[in-house]
Amino acid sequence: MDTCLVFRSRLEDLVGEFDRSRLVLLSGPAGIGKTVLMARWHAIARNRGMSVGWRSLLQDGLDPKSVLADLSEVFERDGQPVILFLDDYQAVTDPTIHRDINLMLSTLPASHTLVIAARSEPPLPLERYRACGALLELGAADLRFTLDEARYYLTRVQALDLSEDQIREVTEKTGGCASALQLAVLTRRVMAKERDALPEIQRRANRWLERFDADDEGVLRGFAAVMVGYAAGTAVDIDTAISQCREAIETSGRVLETLRPDSARSAPAASDQLHHREVQILRLVSEGLRNREIGERLRISEDTVKWYLKRLFAKLYVTTRTSAVARGRELGFLP
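Numbering (the UniProt record's numbering), first residue to last: 1 to 335.
These are calculated hints, taken from the structure and not from any lab test.
Check before you lean on any hint, since a few could be wrong.
[Said to hold, decoys possible] Below, in silico cross-link-like pairs of lysine to aspartate or glutamate (EDC-like), each with a Cα-Cα straight-line distance of 16 Å or less: (1) K306 <-> E293; (2) K310 <-> E330; (3) K306 <-> E278; (4) K306 <-> E296.
Model the full assembly from the supplied sequences, consistent with the hints where possible.
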């Protein structure tokens, strides 16, 4: 993720506290930045000459015997202090693995540290580790981008020309969520018709796009999936990824109003004026009709309705039906 290019010293410097922590826990929803932060910690520790290991339970499988044998092998390297990063711990459902990892933690040398990332607190005796000062934990509130971090990402990494009020509004609307920020920025680039945006989206979404023909719908579905699934390292298939990304897409629609280029803040350009059919469809969308119902009302196919909606969204610089209706009212297309 390009959010890796944001140096978050308040979090990255915590590597220096690992020698006092037997367990480090990152917990929060998908897309909040757990894996990105762990990757930064891993790189920092390795550059400092520390012995490190990385395992993703989502990718490596969950056979109890192989998981525990693998972890034990990492911690036994040359008898040196080791930091082991264990990603996607929410994938563990076998109580045997929880029990054995707890047993392993209780017998670890003080110089070893296990770093776990999960979407919720794992069923480990966390209170015991808190009580003895052996647990370093960060939740969603700690992982969200601060205003300064979001400013750096938007203006330095993404090179967007935004006012301080826009930066503040984007940060508030996304809640500082890493994947929501990235989704909003790439959506803005697509809506602004930047030529390099679509190939980037196609490249990032390649693992899902191979299931579809190279059409607009496939690209958009892959785009949605990659921003919340692939970028967060949490989705294993297109349906799961799309399900996960619904909230972030809604967030992107809200943020786009702030990120839209200044030239697009008034009515659409002459070449982008709404076709009378697009206005008809917009009005029916505002009444709550679905694509099939719109098609029946206008006596056109559902695919034709979808085609007009894509054009409509692009002209209004929005990504959701709710945002399209709000924008249509703002521009006078709707009462």
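We went through each hint and held it up to the structure:
no.	hint	in the structure
1	K306 <-> E293	holds, 12 Å
2	K310 <-> E330	violated, 19 Å
3	K306 <-> E278	holds, 11 Å
4	K306 <-> E296	holds, 13 Å
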